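S.K.: Residue-level listing of the chains:
Protein chains: 2
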Amino acid sequence: MSSPSDIDALIDLMSKLPGLGPRSARRAVLHMVVRRDRILQPLADLMHRVSVGSYKCSICGNISMSPICKICQDEERTTGSLCVVENISDLWAMERAGVFDGHYHVLGGVLSALDSVGPDQLRVPQLVERVESQDFEEVILALNATVDGQTTAHYIADQLMGKCRVSLLAHGVPIGGELDYLDDGTISAAMYARKTLE
Amino acid sequence: MSSPSDIDALIDLMSKLPGLGPRSARRAVLHMVVRRDRILQPLADLMHRVSVGSYKCSICGNISMSPICKICQDEERTTGSLCVVENISDLWAMERAGVFDGHYHVLGGVLSALDSVGPDQLRVPQLVERVESQDFEEVILALNATVDGQTTAHYIADQLMGKCRVSLLAHGVPIGGELDYLDDGTISAAMYARKTLE
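Residue numbers (our numbering), protein chains in the order written: chain A, 1 to 198; chain B, 1001 to 1198.
FYI, nobody ran anything at the bench for these hints, they're computed from the structure.
Given the structure is predicted, the values throughout are model-derived calculations rather than measurements.
Any given hint could be a false lead.
No more than 16 angstroms apart at the CA atoms, straight line, and that leaves these computed lysine to aspartate or glutamate pairs for EDC-like [said to hold, decoys possible]:
1) A:K163 / A:D183
2) A:K56 / B:D1037
3) B:K1070 / A:E132
4) A:K56 / B:D1006
5) B:K1016 / A:D37
6) B:K1163 / B:E1137
To be clear about the criterion: a stretch of chain A counts as covered by chain B if any three or more of its residues have a C-beta under 8 angstroms from a C-beta of chain B, and this derived list gives those stretches [what the hints assert, rightly or not]:
7) 7-19
8) 35-45
9) 88-96
10) 163-170
Each residue gets a CB set at the ideal place from its N, CA and C atoms; glycine is no exception.
Extracted from the complex, chain A is given alone in its bound form (with noise of 0.2 angstroms):
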């Protein structure tokens, strides 16, 4: 065949990476081929460092190249407010919208009947026993606006109360959102959460 093993098996593994397919990996294994000095070979090298050097942060649940992330470490950051989210991407998302310095805490999924997802196979019972030793002053239960995101946070939010304060996002509708496109839900809630101005 034309491309030799090695080739081949690269773009197999790299057909796998969400977002990719067996068309773009070939895209994609080609102009790294061609830029072996300026892309291959720092990728592999890149890979390499984060494939031994990174850790799920023991606090959190963050990926860091330290122990400990980043977040948890930075003392600069208020103490009093966490932020609980379902999945890595969802802390960076926060991070880049920059309204939140307070810590977070990285579930790592929803609960789920249908895929058989307990409190267990979470980060809850370290989200409760983090909440009991520290003083937090509030937690915001920054869940998707799924079902499955939004039964998590009622069970979280019955878990933490009486602990401290608990607090969801807002329902709405998005910014830059037009009615016309948007679903009924999205909808309702943003009628039912109407604001009277003053």
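Start from chain A and add chain B according to the hints.
M.R.: Only chain B this time, still in chain A's reference frame:
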């Protein structure tokens, strides 16, 4: 910030691959880091092996894990016909189609006045030399049906005229194509090249 330097650098470099942007690069990197042993480390190893061990075949221009690629080494392939393609990805596409068992010549691009690409920037001199020194029955110009591709095909045909038989890929309605969705050029080409049933 949330994701420390090496992880950030990996996301940044991945986002430079064709077909990936910042968002899909983040998703891909998270996917890899979570699957360290199955994806991240094997990918790092493969990239390193390809980076240090891949060659541009000195005969056809394909990439390969040996100085001369497997197609050029393969003694079971027809030696009488040569297929000229623009890029390595086109060579791979021809191989996937499985309709040609001769040898290849990768030009490395097309003539382009705008980008000031002349015959000497491409592997045209090597092609002429190859056709003069070897005894090909037919040279098939399998260049893309773009303006630059066809200009290049006609330039090469002029260079090779009298040295061997030169042919071009047929133009027409693609298999599965619907006339209503085809451009005028394709329909004209299909009309001019129509075949009489016998």
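S.K.: Each hint: holds or not?
M.R.: Hints, verified against the model:
no.	hint	result
1	A:K163 / A:D183	violated (35 angstroms)
2	A:K56 / B:D1037	holds (15 angstroms)
3	B:K1070 / A:E132	violated (65 angstroms)
4	A:K56 / B:D1006	holds (14 angstroms)
5	B:K1016 / A:D37	holds (14 angstroms)
6	B:K1163 / B:E1137	holds (9 angstroms)
7	7-19	holds (count 9)
8	35-45	holds (count 8)
9	88-96	holds (count 5)
10	163-170	violated (count 0)
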